[in-house]
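With chain A fixed as given, assemble chain B onto it according to the hints.
In order, the protein sequence lines correspond to chains A and B.
The numbering used here puts the first sequence at residues 71 to 259.
The numbering used here puts the second sequence at residues 446 to 920.
What the hints contain is simulated information worked out from the structure, not anything from laboratory work.
Nothing here was measured: the structure is a model prediction, and the numbers come from that model.
Note that the Cβ used here is the ideal one computed from N, Cα and C, for glycine as well.
Check each hint, because a few of them may be wrong.
Covered stretches of chain B (in silico footprint by chain A; criterion: 3 or more residues with CB under 8 angstroms from a CB of chain A, positions within the stretch not fixed) [as the list claims (entries may be wrong)]:
id	segment
1	475-484
2	571-581
3	593-603
4	662-669
Ranges between beta-carbon positions, derived for each pair [to be verified]:
id	chain 1	residue 1	chain 2	residue 2	range
5	B	Thr-566	A	Asn-207	52 to 60 angstroms
6	B	Gly-587	A	Gly-146	51 to 59 angstroms
7	A	Arg-104	B	Thr-566	36 to 44 angstroms
8	A	Glu-213	B	Gln-695	48 to 56 angstroms
9	A	Gly-146	B	Thr-566	39 to 47 angstroms
10	B	Thr-685	A	Arg-104	49 to 57 angstroms
11	B	Ser-735	A	Arg-238	18 to 26 angstroms
Just a sample of chain B residues kept apart from chain A, beta carbon distances all over 10 angstroms, derived [claimed, not checked]:
id	residue
12	Gln-525
13	Gly-545
14	Ala-558
15	Gly-587
16	Ala-790
17	Gly-817
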Amino acid sequence: MSFVERRRFLWLLFLIGLGLIAVVANATTFARLRLEDLAQQASAVARLRCLTTESVREQDEIWTETRFEVLETAKGFLPGLVAVRTLGGRAGHLQSHVDGAPRFRPGEEVYLFLWGTPEQPYRVLGWAQGTFRIARNPKTGIESITQDSAGMAVFDPATRSFRHGAFRNVPVPLFRARLRKAIESADSR
Amino acid sequence: MKTPRRKISAAILALLFAHFSAESARGYSFNQVVPDVRQPPALSGGSACPVRAHRRTAPDSIAVRWSTALGTSPTTILTQDQTAAGRLNEIELAIQQSLGAWTGVTGSALTPASLAPLTRTASTTACGSDGLNAICFGQADGAFTPGVLAFTRVITADRIGEQVGSSALSAEPGEILDADIYFDPNDPRIAYATPQALASSPAAYDLESLLTHELGHFFGFSHSAVWSAILFPYAPAPGTFANARPTSQQPDAVLSDDDRTGLRALYPDAANTLHTGTIAGRVLPANPLSLPTSPPGVTGIFGPQVVALDVSNGAVAAAVIGGWSCSGAGPAQFDGSYLFEHLAAGSGHSYLLYAEPLNGTVDPSSISMATGTLCRNSTSDPGWPPLASCIVPTVNTNFTTRTRPGPLRAGEPPPPRTRSPPGLAGGLRQVHGQGVRPAYCVGNMSWANPVVLMSRKSGVRGGNSAGVRKLMSNW
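Next comes chain A alone, as it looks inside the complex:
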């Protein structure tokens, strides 16, 4: 096999590999929501600190209601405290398991894209996709943000292709700039 043929063969292998990735990296039970989509469809976007979580039972369904302190509002109007409901939790002797529903720990800080009305407890828009967790480097004190869906390649119905594009370890100032731009873009639509 000549060098040119070998090179072609290796490129072919490489492209097949990329093709395989495109097939197997796949979507989820989620459909992709870009940051702009999240910003547009969210009722409110805010940086929140988790205070408490408790399970509530409503119409025989078990929900986890998490109460957050609002630290900063990027979109919408929020009171100082908000409640967010996610499906699943524990009530009495029953435990309701829903894989993929975000869970929060007291003390944890997150940016959430909230969906719903102020009269009802909010829900997290797109579940994992609307959840951006904040981590603080203990050595440098620098805060970064990772989207719960960071690892996934989700299907974009608009382009009929898979996109990664999620946020992973993005410095908070950079995220805020992107968020502000996305909200401005959503407002102008």
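Frame of chain A; chain B shown alone:
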């Protein structure tokens, strides 16, 4: 000059290919329930050790119905047969085959006899906490938001004698009393196609693949991060399906070995004499001072994915989420333990192990049902006994570990020390499993082997793991 350049180009190309084609190997996990030890031992079992969510496998013990109330605007389910009866039959066949994938695994106590005959209901509200397992394609639910296509809600009990709606009373803690599978009927951009209709509906999701995945939750699984596993959190691309279609000879063709091993662990069959191997060990930090000080009592890495590769073909035989153990009255101890159960044992079955953090495609949020429910305490449950209390640590996604030899069995000679292949990072040591006798596999690596790739990447962000020293067995 040309030759070295060619070699370098070829090597870079091969590396890139190997990097992109390497399988992300992480494993099955189960939904966990901590029994309520405030109850008498006769109801709770008397132990605060987490138990796996599971079903009874007695004949006809699992009843499933599906709602024939389908979304019509938009049309959610696409079928080849457009007649009313033919449409329903085609959907029902997809459900049957998806159930059959899980009951068709050899060596598991979950068999076709465990299922009652599948039934239909015309109810538009068949899914709900009523004690009746159901699959709904046309039922809206308050949990759906834009971007969420389908989910499964599973209800378990933490003590004996509990009931949901009309379900039978729970006979054991952890028993699944009700499970419902919801598909979002209101998203006009999304459709699902039966296997017969998929070829002509390239924009639709494969109904059978999604159903098989959701039924995994139905039977007690959380997610897996093995890409080929049906319980990988993300569905096949529209127009494609997972793995292979079921056949009468292999009804579980859609599953991966990781799914099968998980099922054998969840529903063990006492008559199974092939899958009897176990491998146990611990993932410990090179520097014990690097362990988190809060919560107290953490003595090992919590939340590593430990992967067992079949040495004969390099395939992922199984992978588990490690980091804890529990015995006696409990509670869970976060000592870095991992345990593989029901691996094929005997001559010809050897495994290579490695560990990696959950910082790749699947992150800790994807397995929160498996890791977040390992503990209860007086904060979560007033009156919880202090001796049965624990706090789940944060999943460690940034660890550096080394391996240590496991204990030798009586009369067993120590495994020979061998030289690490060129390019491997330091810190790798011999370990060996218990119950399964793996072969020594130095030189058995290939470029497609994620161990080699990731070890070469130690300390470098990239691939599926970042800054990781791999654990390997039998070096």
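Results of checking the hints against the structure:
1. 475-484: Coverage by chain A holds here, the residue count being 3 at a Cβ distance below 8 angstroms.
2. 571-581: holds (count 3)
3. 593-603: holds (count 11)
4. 662-669: holds (count 3)
5. B/Thr-566 x A/Asn-207: 52 to 60 angstroms: At roughly 54 angstroms between Cβ atoms, A/Asn-207 and B/Thr-566 fall inside 52 to 60 angstroms, so the hint holds.
6. B/Gly-587 x A/Gly-146: 51 to 59 angstroms: violated, 20 angstroms
7. A/Arg-104 x B/Thr-566: 36 to 44 angstroms: Roughly 38 angstroms apart at Cβ, these two residues keep to the hinted range, so it holds.
8. A/Glu-213 x B/Gln-695: 48 to 56 angstroms: holds, 50 angstroms
9. A/Gly-146 x B/Thr-566: 39 to 47 angstroms: For B/Thr-566 against A/Gly-146, whose Cβ atoms are near 40 angstroms apart, the range 39 to 47 angstroms holds.
10. B/Thr-685 x A/Arg-104: 49 to 57 angstroms: At roughly 23 angstroms between Cβ atoms, A/Arg-104 and B/Thr-685 fall outside 49 to 57 angstroms, so the hint is violated.
11. B/Ser-735 x A/Arg-238: 18 to 26 angstroms: holds, 23 angstroms
12. Gln-525: The assertion about B/Gln-525 holds, with a minimum of 22 angstroms to chain A.
13. Gly-545: holds, 22 angstroms
14. Ala-558: Consistent with the label, B/Ala-558 stays out of reach of chain A, its closest Cβ about 26 angstroms off (over 10 angstroms).
15. Gly-587: Non-interface label fails for B/Gly-587: nearest chain A Cβ at 8 angstroms, not farther than 10 angstroms.
16. Ala-790: holds, 30 angstroms
17. Gly-817: violated, 6 angstroms
In the structure shown, a violation is registered for the earlier hints numbered 6, 10, 15 and 17, in ascending order.
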